[in-house]
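Chemist: Here's the letter readout for the chains.
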Amino acid sequence: AQSVTQPDIHITVSEGASLELRCNYSYGATPYLFWYVQSPGQGLQLLLKYFSGDTLVQGIKGFEAEFKRSQSSFNLRKPSVHWSDAAEYFCAIWYSSASKIIFGSGTRLSIRP
Amino acid sequence: NAGVTQTPKFRVLKTGQSMTLLCAQDMNHEYMYWYRQDPGMGLRLIHYSVGEGTTAKGEVPDGYNVSRLKKQNFLLGLESAAPSQTSVYFCASSYNGGGADQETQYFGPGTRLLVL
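In order, the protein sequences belong to chains A and B. Oh and the first sequence: position 41 is 41 in the numbering used here, straight run, nothing missing. Just add 113 to the spot in the second sequence (first one is 1) and you have the numbering used here.
A few of these clues could be false.
Derived DSBU-like pairs (lysine-lysine); straight-line CA-CA distance at most 35 Å [claimed, not checked]: (1) K122/B - K170/B; (2) K49/A - K122/B; (3) K127/B - K183/B; (4) K127/B - K49/A.
These are computed hints drawn from the structure, not numbers from a lab.
Could you build all of it, start to finish, from the sequences and the hints given here?
Modeler: Shown next, in the form of structure tokens:
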């Protein structure tokens, strides 16, 4: 069955430090993968997506993610976080046979001044 | 271009009352979705639609009904609200789910519902 796992519920990093949010998926074919960000009280905004090709994907706000088929992972990274990056981050996979996206449970990111 | 809009933004209901949440999109998208978001559970798909006049069940459809009479609108109904339906509801739309860039979903700002 298709699924997405975000093993970290809450992460706190210092402003200016690097960030990596983990995402693992279970899918039989080549996945379509997404990272969304949700600021407090807001809807979800697409950060980046992977469909095929280059396994390192660049997104908005200085984020990037790397698709690793051998590890079934699609981790999100940022070299230096800003206080405005505090939000909840969702990894998601496109479930093509049912025309829908499955979301992970989310990782809440807090920034330490 | 407003994108995806949701009405209302916030609502309080008593158990047993009914209400309809409205989602509208102006991007000519074929696919529309209703999700609920609860703490620690991410987003769960309630119902979705792959085109005007069509609807399908998602992961958690019980207690909800939907209609897609016009391509740009997707309505979510609660016939008899229960406290378990207290949640934040998000609507989303996408082009047509056919591959490449077409699976990207665009989200509305959400509707916060409290059922007492």
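Chemist: Any of the earlier hints contradicted here, and which numbers?
Modeler: Of the numbered hints, just 4 does not hold.
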